Structures are given as structure tokens and as C-alpha cells.
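**Q** This is what each chain is made of:
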Amino acid sequence: MLADALLRSLAGTTALLRVTGTNTSTSQSEVGLVATTFADVVISPVVMRKLRPSWQDAGQSKWELLVSATGVGQQVSALDLASAQSLFAMTLAVTVAGQDFLIESIAANEAFGQVYLYRLLLREARPQAV
Amino acid sequence: MQNAKDSFYMALRARLAAINPDRTVLLRGSVRPGILVEEAEAPFNQLPNDVFVLRWLGLGTDLELASTMAAEECEIVYHTCGTQTFGGLDRGRSLGAMDDELVAMLQPFHTPKLSYTQTPPAAMLTQVFWDEPAFTPIVTQRDLIGRSAKLMVYSYQEQGE
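So the sequences go chain by chain: G and X. Heads up, the first sequence is in our numbering, so the first residue is 1 and it goes up one at a time. Heads up, the second sequence is in our numbering, so the first residue is 1 and it goes up one at a time.
The hints are simulated quantities; they were obtained by calculation from the structure and are not laboratory data. Remember, predicted model here, so these are calculated numbers, not experimental data. One or more hints might be untrue.
[Unchecked claim] Derived lysine to any residue pairs resembling SDA-like cross-links, with alpha carbons at most 20 Å apart: (1) Lys150(X) <-> Leu89(X); (2) Lys62(G) <-> Ala42(X); (3) Lys150(X) <-> Leu57(X); (4) Lys150(X) <-> Gly60(X); (5) Lys62(G) <-> Val115(G); (6) Lys62(G) <-> Phe44(X); (7) Lys150(X) <-> Phe109(X); (8) Lys50(G) <-> Ala111(G); (9) Lys62(G) <-> Leu51(G); (10) Lys150(X) <-> Ala104(X); (11) Lys50(G) <-> Ile103(G); (12) Lys50(G) <-> Glu124(G); (13) Lys62(G) <-> Asn45(X); (14) Lys62(G) <-> Gln46(X); (15) Lys62(G) <-> Pro43(X).
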């Protein structure tokens with residue numbers, strides 16, 4: 001809760017996790033023929049911060065998304081998932097302020113054995129054809 | 001060539017499910033045989049362990065024949081950290097098991113070409129065939145060992161392709 005208050009005080013915003021649905025038509029979806037069903041999962045509060053510029057990875061900017069563990073926990077329960085890791089594993093992209101990002105890595109901050117904040121290292125996604 | 005790529009993947013997928021039904025992967029919410037096409041999945045920041053990953057590389061065509069023949073190079077990448085039971089000390093044996101599974105999956109070196117744009121998949125007139133895999137040396141990254149195998153997949157271009 002304290003983490004949520006801190007995130008909100010730092011102009012906390014909302015992130016959308018684009019998660020994949022379970023497909024029944026596996027043979028076609030596995031070869032990229034049928035688009036998987038997607039759903040946008042709203043997580044808040046979150047804070048986005050740009051990491052120090054680097055010349056690696058073809059000059060793409062990297063960002064860190066600080067995500068409230070409470071917000072993640074609510075969505076994990078709503079989607080009936082086993083853990084937050086399952087939610088992140090299902091996530092294709094993260095959208096913040098209309099910009100898509102790909103998850104590079106995930107870390108969790110804990111206090112007294114309980115996660116209070118997830119830190120997602122993000123990379124800007126390249127635009128896809130319409 | 002897309003039908004050949006799809007048929008090759010689906011053949012290997014079906015053969016793997018028969019050879020080792022326990023090799024599965026949880027991907028996009030479904031449990032599938034432990035093989036995937038890299039270009040048909042979400043971008044990976046780290047390839048999954050104990051799974052065969054198909055990666056399509058070079059492309060060549062032979063236009064001198066009665067039917068155009070297309071050849072595409074396929075790299076099959078796989079690595080493992082071993083099992084928890086053995087604390088990862090069996091990673092060499094796990095990789096050896098994957099080597100054997102891959103060799104078994106690739107035989108016979110042909111499969112009927114199907115068009116997966118239709119449901120059920122429509123059989124085409126020709127076969128997809130491939131040569132023997134060329135295995136790369138093992139690459140060790142701390143607790144992870146892996147290797148890849150490259151092979152050429154051939155098919156004749158049929159009308160409408």
C-alpha cells in the first residue's frame with residue numbers, strides 16, 4: 001500500500017499488458033496463420049522511467065516500469081492465474097501512453113517476504129505493419 | 001515455401017509428441033509439444049530451455065528444373081540446464097537426450113506437403129524433404145549448455161504457391 005501511494009505521488013499512470021488468450025486452433029496459430037486472441041490487462045499505478053542512454057542494442061531506448069504489486073495481484077486473481085510470473089509470461093507487449101514496449105527482464109522488490117513492487121525492464125517495440 | 005515450412009514444423013511437432021510426450025512447453029496459455037517456430041511467437045528475451053526452437057535462415061531457388069525447387073536453411077536451436085532432481089548435474093545427459101530426439105524426429109527425411117491455410121489442412125501434390133542435420137559444437141553459458149543443428153529443407157513450388 002505504501003508502494004502504491006509512492007507510485008501515485010510520482011505521477012503514477014496506467015499500463016496495459018497485452019496478454020494472449022488460450023487458443024484451441026493450435027495448428028494454425030502455431031505457424032502464425034491465425035491471430036491469437038488478445039486482451040488488454042490494466043495495471044495501475046505504475047511509473048515509467050528512462051534508463052541511462054546506451055549505444056548497445058541498435059540504439060533502442062530502454063525503460064524501467066515500476067509496477068505496483070497490489071495492482072498485479074488484483075489482475076492475477078481476476079485472470080485466475082497461478083502467479084505474477086504467469087501473467088508476465090503471457091504478456092506480448094506493454095503499452096504506456098500509446099507506445100508499445102517489449103519486456104526484457106523482470107525483477108521484484110520484497111519486504112518481509114512479500115513483493116511490493118515489480119520492476120520491468122522494457123525496450124521500445126518497433127512499429128508493426130497495419 | 002511457406003507451405004513447406006509449415007509442413008516441416010507440423011511433421012516434427014507430431015513426431016516429437018510421439019517420441020517424447022513429456023517434452024512440452026507452456027506457451028500462450030496452452031501446453032504444446034516442446035517445439036516452436038521462433039518467427040511465429042512473441043519475441044523472446046531468452047529462449048526457453050528444453051525446447052526445440054526452429055529458426056529459418058537462408059533461402060535458395062533452382063529455376064532450371066521443370067518445377068521450381070526452393071531450399072530454405074533451418075536452424076534448430078536447443079539448450080538445457082538439466083533437471084532439478086540432479087541439481088543440473090545431468091545437463092550433459094539432458095542435452096544428449098535432446099540430440100537423440102532431434103535425430104529421431106528428422107527421420108524419415110520427408111513429409112507430405114500440406115496447406116495449413118485451410119481447415120482441415122489440404123494435401124498438396126509434392127513432398128517436403130530435407131538432408132541430414134549438421135550439429136554445431138556445444139556452447140556452454142555457465143549453467144546452460146546447448147547447441148544447434150542446421151539442415152536444408154527442400155520443396156517444389158506448386159501452382160498457386
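**Q** Hint by hint, say whether it matches the structure.
**A** Structure-based check of each hint:
no.: 1; hint: Lys150(X) <-> Leu89(X); in the structure: 27 Å, violated
no.: 2; hint: Lys62(G) <-> Ala42(X); in the structure: 18 Å, holds
no.: 3; hint: Lys150(X) <-> Leu57(X); in the structure: 9 Å, holds
no.: 4; hint: Lys150(X) <-> Gly60(X); in the structure: 15 Å, holds
no.: 5; hint: Lys62(G) <-> Val115(G); in the structure: 23 Å, violated
no.: 6; hint: Lys62(G) <-> Phe44(X); in the structure: 16 Å, holds
no.: 7; hint: Lys150(X) <-> Phe109(X); in the structure: 14 Å, holds
no.: 8; hint: Lys50(G) <-> Ala111(G); in the structure: 25 Å, violated
no.: 9; hint: Lys62(G) <-> Leu51(G); in the structure: 6 Å, holds
no.: 10; hint: Lys150(X) <-> Ala104(X); in the structure: 15 Å, holds
no.: 11; hint: Lys50(G) <-> Ile103(G); in the structure: 14 Å, holds
no.: 12; hint: Lys50(G) <-> Glu124(G); in the structure: 11 Å, holds
no.: 13; hint: Lys62(G) <-> Asn45(X); in the structure: 13 Å, holds
no.: 14; hint: Lys62(G) <-> Gln46(X); in the structure: 17 Å, holds
no.: 15; hint: Lys62(G) <-> Pro43(X); in the structure: 16 Å, holds
Figure legend: structure checked against the earlier numbered hints; hints not met, in rising order: 1, 5 and 8.
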